[in-house]
Amino acid sequence: MNRKVGIVSMGYHGFSPVSPDLSFRELVYAAASKAYSKAGITPGDVDMFICAAEDFCEGYSISDEYCNDQLGAVLKPVHTVTGEYLQAIANAAMIIQSGLGRIVVVESHSKASNIKNMDAIHSFGMDPVFNRSLRVTPHFAAGLEMSRYLSETKTSEEHCARIVVKNRANALSNPSAGHGAILSASDVLASDPVAWPVSRLSIAPRSDGCIVTVLAEESVARSLASDPVWILGTGWATESSTLENRAWGEPVSVDIAAQMAYKEAGITVPSQQIDLFEIDDSYSFKELQTLEGLRVVGRGQAAHALDEGRLGPEGDIPTNVSGGSQGVGHLLEATGGQKLLELFLQLTYQAGERQLPDVQVGLAQAWRGVPTTTSAVIIVGNE
Amino acid sequence: MGLRKVACVGAGITKFVRRAKETGRELAWEAAKMALDNAGMTLADIDCVVIGSAPDAFDGVHMKGEYLADGSGGFCKPVMRHFVGGGTGVFSPIHAWQHIASGKFETCLVVTEEKMSSCFPAPAGAFITIFDHTTEQPLGPTLIWIFALEMNRYMQRYGLTEADIAKVSVQNKFNAIDHPAAQLPGKITVKDVLNSEVLAWPVKRLDISPASDGAAAIVLTSEHKARRITDKPVWVSGVGWALDTAYWATRDLYYPQYVEKAARMAYEMAGIREPDKEIHIAEPYDPFDYKMLHHMEGLLLCKRGEAAKLVADGVTARTGRLPCCPSGGALGVGNPIAATGLMKIIELFLQLRGEAGKRQVPGDPRIGVAQAWGDLMQVGTVVVMSR
Amino acid sequence: MSKEILPGTPLSSEEFEKSITIEEHPTLEYRWDDGIAIGRYLKELKEGRIIARTCCGCNRTMLPPRMFCELCYRPTDEWAFVEDTGVVNTFCVTRVNWDASRRGPDEPPLIPAVVEIDGASKGMGILHLLGEVDPKKVKIGMRVKAVWKPKAQREGKITDIKYFKPY
Numbered sequence: 001m002n003r004k005v006g007i008v009s010m011g012y013h014g015f016s017p018v019s020p021d022l023s024f025r026e027l028v029y030a031a032a033s034k035a036y037s038k039a040g041i042t043p044g045d046v047d048m049f050i051c052a053a054e055d056f057c058e059g060y061s062i063s064d065e066y067c068n069d070q071l072g073a074v075l076k077p078v079h080t081v082t083g084e085y086l087q088a089i090a091n092a093a094m095i096i097q098s099g100l101g102r103i104v105v106v107e108s109h110s111k112a113s114n115i116k117n118m119d120a121i122h123s124f125g126m127d128p129v130f131n132r133s134l135r136v137t138p139h140f141a142a143g144l145e146m147s148r149y150l151s152e153t154k155t156s157e158e159h160c161a162r163i164v165v166k167n168r169a170n171a172l173s174n175p176s177a178g179h180g181a182i183l184s185a186s187d188v189l190a191s192d193p194v195a196w197p198v199s200r201l202s203i204a205p206r207s208d209g210c211i212v213t214v215l216a217e218e219s220v221a222r223s224l225a226s227d228p229v230w231i232l233g234t235g236w237a238t239e240s241s242t243l244e245n246r247a248w249g250e251p252v253s254v255d256i257a258a259q260m261a262y263k264e265a266g267i268t269v270p271s272q273q274i275d276l277f278e279i280d281d282s283y284s285f286k287e288l289q290t291l292e293g294l295r296v297v298g299r300g301q302a303a304h305a306l307d308e309g310r311l312g313p314e315g316d317i318p319t320n321v322s323g324g325s326q327g328v329g330h331l332l333e334a335t336g337g338q339k340l341l342e343l344f345l346q347l348t349y350q351a352g353e354r355q356l357p358d359v360q361v362g363l364a365q366a367w368r369g370v371p372t373t374t375s376a377v378i379i380v381g382n383e
Numbered sequence: 001m002g003l004r005k006v007a008c009v010g011a012g013i014t015k016f017v018r019r020a021k022e023t024g025r026e027l028a029w030e031a032a033k034m035a036l037d038n039a040g041m042t043l044a045d046i047d048c049v050v051i052g053s054a055p056d057a058f059d060g061v062h063m064k065g066e067y068l069a070d071g072s073g074g075f076c077k078p079v080m081r082h083f084v085g086g087g088t089g090v091f092s093p094i095h096a097w098q099h100i101a102s103g104k105f106e107t108c109l110v111v112t113e114e115k116m117s118s119c120f121p122a123p124a125g126a127f128i129t130i131f132d133h134t135t136e137q138p139l140g141p142t143l144i145w146i147f148a149l150e151m152n153r154y155m156q157r158y159g160l161t162e163a164d165i166a167k168v169s170v171q172n173k174f175n176a177i178d179h180p181a182a183q184l185p186g187k188i189t190v191k192d193v194l195n196s197e198v199l200a201w202p203v204k205r206l207d208i209s210p211a212s213d214g215a216a217a218i219v220l221t222s223e224h225k226a227r228r229i230t231d232k233p234v235w236v237s238g239v240g241w242a243l244d245t246a247y248w249a250t251r252d253l254y255y256p257q258y259v260e261k262a263a264r265m266a267y268e269m270a271g272i273r274e275p276d277k278e279i280h281i282a283e284p285y286d287p288f289d290y291k292m293l294h295h296m297e298g299l300l301l302c303k304r305g306e307a308a309k310l311v312a313d314g315v316t317a318r319t320g321r322l323p324c325c326p327s328g329g330a331l332g333v334g335n336p337i338a339a340t341g342l343m344k345i346i347e348l349f350l351q352l353r354g355e356a357g358k359r360q361v362p363g364d365p366r367i368g369v370a371q372a373w374g375d376l377m378q379v380g381t382v383v384v385m386s387r
Numbered sequence: 001m002s003k004e005i006l007p008g009t010p011l012s013s014e015e016f017e018k019s020i021t022i023e024e025h026p027t028l029e030y031r032w033d034d035g036i037a038i039g040r041y042l043k044e045l046k047e048g049r050i051i052a053r054t055c056c057g058c059n060r061t062m063l064p065p066r067m068f069c070e071l072c073y074r075p076t077d078e079w080a081f082v083e084d085t086g087v088v089n090t091f092c093v094t095r096v097n098w099d100a101s102r103r104g105p106d107e108p109p110l111i112p113a114v115v116e117i118d119g120a121s122k123g124m125g126i127l128h129l130l131g132e133v134d135p136k137k138v139k140i141g142m143r144v145k146a147v148w149k150p151k152a153q154r155e156g157k158i159t160d161i162k163y164f165k166p167y
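Residue numbers (this note's numbering), protein chains in the order written: chain A, 1 to 383; chain B, 1 to 387; chain C, 1 to 167.
If you're looking for bench data, these hints aren't it; they were derived computationally from the structure.
All figures in this text were calculated on a predicted structure; none of them were measured in a lab.
The beta-carbon is built from N, C-alpha and C at its ideal position, and this holds for glycine as well.
Some clues are possibly wrong.
[What the hints assert, rightly or not] Quick partial rundown of chain B residues pointing at chain C, CB under 8 Å, derived from the structure: (1) L3; (2) E22; (3) M34; (4) G103; (5) A122; (6) L139; (7) P141; (8) R153; (9) I177; (10) P180; (11) N195; (12) S196; (13) L199.
[Unchecked claim] Rough simulated footprint, nothing fancy, chain C against chain B, three-plus residues with beta-carbon under 8 Å: (14) 8–17; (15) 86–100; (16) 201–213; (17) 329–343.
Please construct the entire structure, taking both the sequences and the accompanying hints into account.
Structure representation (structure tokens):
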């Protein structure tokens, strides 16, 4: 049953704060045609297609109806996962492992610039009776989480701010990143408070863009690519959708998802067996909290690891070398796609000036954002 | 290589009602709990959860799958929601099939929910944003328009009358009298349908299924789990789905090509060569009466243009040669979109186990097909189940 | 599953009227990037013309225009003006507005139709409305022509065509 699943190619377009020249269809076409051409296939060769999207981010009810033309998937098996890109990748892997499909394509895009009031959409995700009536910024949920995390782990606000500084600087080495910048921790700390301790610059800015991945069963993958990147493990989990019964300081869903993926990939000591991490940093503290959830460092030890320079490109647990969501821009449900893309580029030695040496195994993780507690983890390797 | 076998071992469903007192989460919980009880399982036995629910605009909650996760038994579990518009409910077991057939999971709780009454003043309002925002929405379209456009084209193509089509509504609402979840069961006549309010000619009020609140759930497991849980597993023996172009006005609407494509995929997997002879019982999607006919043709259960005759001749009645919508369908039981699709799956589950009570189709049925459809008259989802 | 009494509690209209409710009017607003193909389509509508795109792969002239062919999966090739006349592929007659409210007794019914545009490939239709016609006299296959808003009132929207009328 354990068919091996490989990533044959990834095509992308972006990632920039606006993309007024392209409709969402044209944006997806640009990314998909690159993915197909790199894999040397046409959409006719693809057995199934999966799109990751949420209606209110697309601005359509039943947005899944608009997902296939620009993928060349007319009259093909296509479905939408209303979830994170990495969940759709896990779904694609399951289809291939089942034997039903041999080549599966995953797509997601962000046209975040077309949404005039993203906060209202986030708020619309909360319980209509108990939470929405409070009428506060949806970032308050992240504020509650950050506050509790800082208190439980004795991590400082400044450490969190330095994640933003690190990732936006990393983005300067990534030509696709839309938000590279040289900032200081005091810039982040002094930016407008949104929901203390969350400040404006601690929230990842958004970008537009699209990522398309071609996955295939082992023998097909080997025939289409000289250096496929293999899916070693997948995991995803939801803690509780109810704000009132969450373990606010602890990243429970990250832990469950990671353990599921580690088990499949045979990972017992993540900090030693995994060479690079592209993980959630949609709020500054998330990167630190997530590293602990992934058990890459001990509980409360992430800030210390940052101090020691372990998270930088030169460190032993390089994290968000791409610039992360802080530097690339948050891509709505496509966010995990960008994280996987960075692993793919690094593991195939196509990452240009930010290429890390001797990389074999990478981990991508994404969180679905406020107000959810859903995380997904994908572990990939090039051997 | 053979595919791993996946079985349905339990089912649960709430009443389908115009307006439920329960929240969406509570409806999901009721159906999920009932499915677990029915399978003799607890949440601890469940490896993963899949959720099927149609547009967020109905419930009025962004990321509805996240909102529903607790009620659906998803607390601290792998949860994934899928979405293929109106075709979602029959895709739900397909998504769960993918989870189990991959070998990654042994058991999956499948929960579908819709609370359409939250959307005010009418759920229909949520449908304007299904149309292209630039080239269509400014015209003020409603969902009923496109159904009416399709129904008219279908009638014109085959020379059918409104009365021919009304017979479907009469049959399904009658069948629903025996369904404990039913919202609009009843004995009506063709005349009642023809005399009901014209909404968008040729579509009249009684041609349409109601908007509903409701939830349905099933438990799917791997073969070896199923054998330990029950001596009457019902196998998910074929799955198929297909999505046609979103440029819907450039297609001829008289025939649902996407349903045929999905059906052929499912039949091939199930080893069915002559669906009109091999299938004992069918649950085609019937949100509108003509759609059942349309879908019977797309499912290759009869020749194109001949479905209406089968209904008129009683072939599709519960006691006929090819019972269609013995549950009462969306027209009779109600139409909480995603839950309706799963209601059809549950009907096959019960019928094939011989547990459908007053609705039981005679003749010991062994193979059934369920189908749903959605988007801009665009997606077909098909599941074949067998004993 | 053999339970005859299922969970789920229907609320009658009277019970609903008496209950406490929360009303919410979410402001979910978007500003669409129309992109190359639809951007040009709208610009030409403002000029009183309908423009399509051609694909050499399948020899189709496509409406609405698109920069890629979804069937051949290649970039489309040329812009092509098409006629503002066509044939009714299908139609309906409706008294229902988009929000399910009914049109008033003095308001004429709306007649939405799929119109296959002359000059575009067979079957390439667009959704629009019919006007200046008795609903009872509309037939599938009927020829129709666009009635444009006066130039000064056109704004680059699909509604720059008021409706199609028989001709």
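Annotated coverage of the region 86–100 of chain B by chain C, confirmed only when three residues or more have a Cβ within 8 Å: Coverage by chain C is violated for the region 86–100 of chain B (0 residues, Cβ < 8 Å).
Less than 8 Å between beta-carbons is the criterion; does B/I177 satisfy it with respect to chain C? At about 13 Å, which exceeds the 8 Å cut-off, the nearest Cβ of chain C leaves the hint on B/I177 violated.
Hinted contact B/L139 with chain C - closest CB pair below 8 Å: OK, holds: B/L139 within 8 Å of chain C, min 6 Å.
Agreement of hint B/S196 with chain C interface, Cβ distance less than 8 Å: Given a least distance of 13 Å, the restraint on B/S196 is violated.
Would you settle whether the hint for B/N195 is holds or violated, based on the nearest Cβ-Cβ distance to chain C being less than 8 Å? 16 Å, violated
Does the region 201–213 of chain B contain three or more residues whose Cβ lies closer than 8 Å to a Cβ of chain C? Contact hint for the region 201–213 of chain B vs chain C: holds, 4 residues under 8 Å.
Hint check: 8 Å Cβ-Cβ cutoff, B/M34 to chain C: Hint holds; B/M34 Cβ to chain C Cβ min 7 Å, cut 8 Å.
Are there at least three residues in the region 8–17 of chain B whose beta carbon sits under 8 Å from a beta carbon of chain C? This one holds; 8 residues, not fewer than the three required, reach chain C with a Cβ under 8 Å.
Can the hint on B/P141 be confirmed by a CB-to-CB distance to chain C that is less than 8 Å? 6 Å, holds
Hint validation: B/L3 versus chain C, beta carbon distance must be below 8 Å. Holds or violated? Violated - the Cβ of B/L3 stays beyond 8 Å from chain C, reaching only about 27 Å at its closest.
Given B/R153 as an interface hint, is its Cβ closer than 8 Å to any Cβ of chain C? 4 Å, holds
Quick one, is the B/A122 hint okay against chain C at 8 Å, beta carbons? With a closest approach of 4 Å, the B/A122 hint holds.
Checked against the numbered hints given earlier, the structure breaks hints 1, 4, 9, 11, 12, 15, 17 and satisfies all the rest.
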